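K.L.:
Based on the sequences and whatever the hints tell you, model everything.
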Amino acid sequence: MILKVEGLSKSFGGLKAVNDARFAVAEASIHSIIGPNGAGKTTLFNLITGAIPPDSGTATFDNVDITRWTPDRLARAGLARTFQRTSIFKELPVDENVALAIRAREGISRAVWQSRGDAQMVAAEARDILARVGLDSRANAKAGDLAHGFQRALDIAIGLALKPRLILMDEPLAGMSRGDRETVASLITMLRDTLGLTVVVVEHDVGMVMRLSDRITVMQHGAVIADAPPDEIRDNAAVRSAYLHGSFAA
Amino acid sequence: MSDLAANPALERRASGRGLLIAGAALVAVAGALVPFWTTGAPFLLMLASQAVIAAILALSLDLLTGNTGLLSFGHAAWFGFGAYVAGLLAKLVTPEMLIVVPTTVIAACLVAAVTGAVLVRQIGKTFAILTLALSQIMFALVFVASDITGGEDGLQGVPVMTVLGQPVVQAQTWYWLLYGVLLAALAASLHIRRSPLGRAWLSIRENAERARFIGIDVNGLKLLAFVMSAGLGALAGALLALFNGAASPDLLSWFESGKILMFVVLGGVGTLVGPVLGGIVFTFAEHYVSSLTSAWLIYFGGLFILIVIVAPGGIFGVLGHAWRRMQGQGR
Ligand SMILES: Nc1ncnc2c1ncn2[C@@H]1O[C@H](COP(=O)(O)OP(=O)(O)O)[C@@H](O)[C@H]1O
Ligand SMILES: [Mg+2]
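As given, the protein sequences belong to chains W and D, one line each in that order.
Letter by letter, the first sequence follows residues 1 to 250 of full-length UniProt numbering.
Letter by letter, the second sequence follows residues 1 to 331 of full-length UniProt numbering.
Rather than coming from a laboratory, the hints here were simulated on the basis of the structure.
From a predicted model like this one, the values you see are computed outputs, not experimental measurements.
Don't take every hint at face value.
What the hints assert, rightly or not - Stretch-level coverage of chain D by chain W, calculated; a stretch enters the list once three of its residues show a Cβ under 8 Å from a Cβ in chain W:
1) 185-197
2) 205-217
What the hints assert, rightly or not - Here are a few chain W residues that face chain D, going by a calculated C-beta distance under 8 Å:
3) T49
4) F89
5) A101
6) S109
7) Q114
8) L162
By construction, the Cβ of each residue, glycine as well, lies at the ideal position given by its N, Cα and C atoms.
P.N.:
Here you go:
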């Protein structure tokens, strides 16, 4: 199990945004987290990636307790994420967005001197990664000038540039056209199959989730109400009731 | 290269770049010739020297604000710190500049590393206000230690400085020394801007949260910028005190901090060259306008507001715009 979440909890005022969440993610798998809006999925990501400290509970990455690690330390350890609200460097060129992540991964963000060869290697790798998400033809554009779907793809490319072992993607398909959604979905599958990358993904499109996932964790009101392979989730009574009462399709 | 020549647009841009570099070199050489133009006007040379110091000071603030987006309302703290520490070292220890100046800069970097460790964790307004507070503390220290600092009268009697034992007396020599420091600092700053460190700084200014999540040590890099900015600011202060042979508490005032911020905004935040121009233009303008009217501060205040609203890119932004239009007309 590459990621283990044990009893993570977080309250905002009186609201238990995440309540004693527990589940485990197998290496080289696609693990989806679903649940109605406000179920606590993004907060859970924030707890795992060190964006906010949990009230209690632990997260274990590759058998190391990472609870309260800072996001930059986690990124360097091979845990990357993308954001529900696209988070890129809008004023910088597309390829520089990716190059920044490559240099951070290589630990040369503080360098004041870079050989021409190193610079070319970083640039070449950035091109490769951009090609993977279909952005190579826009490498020189200003990131903020990209269409919404491309900005989301860039967010993923930045995550991939870290060569992570585990990547958490918060609604990567949101606001994308049907064609782009298929492209990103097959990218996620490809990442698992060719690179052995583990992907934890929050997604609302249940059909897509059933097709894509090796395992699904269902959250409601901050708690995990089901955690099983797709077939079992389909037949789960608690999940069905969440579908009926919650705004799943949102 | 044959690809370049085959593409007229690229070729024009390449030749434009060459032109720009040639122009910059020309301006740099013209700056070095100032002592020859001003042979009959010693006052003008002195003013030019002050302008060069202001340019170094403006550049030092842009290292912080332009690179990381951290806005300092108290940058005069480092200017004054450098002036007093260098002045005191010269008076009490040695007039050898190669000892006094590096020691002063290192001392400023150390103080900045300690205070900055707390400050850079704050963002936006909190950071700005804490920098102001820090400068006020340094201002107060001058009066607390008035036995050695001279208090309100300022620090007087800084001896004639030496470089490798040779006294630096001539105004021309001083000018070249200051101008050399400015060029070196500007060249280093421009180089760093293009290096991985400079790019990482820009990513912090752009989107600090994302920078953190790609593994950049955001607070560490902010601290580095803070320390470098303080060090260069103190260098400017040291040069001023040694050049003038005196330091005054005004150097640490909030008014001075505001002026430094104005150099940077006037020149163009984050452009490095812009703030250098801002410091120079402001110093000359301040001298001539203040000799014309005692209400000069009102005009500067108005100008400041106008720039922020009409030309937020400052002098550099306006020049860049004009340059691109000229390039466009060449088509
Ligand atoms: N920083 C915060 N401060 C206060 N409440 C928050 C904060 N972040 C999330 N919440 C609340 O926690 C709950 C879970 O939100 P979130 O994790 O974003 O849900 P999801 O991603 O599943 O839609 C919501 O009720 C939300 O309003
Ligand atoms: Mg969410």
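K.L.:
Tell me, in ascending order, the numbers of any earlier hints that this structure violates.
P.N.:
Of the numbered hints, all hold.
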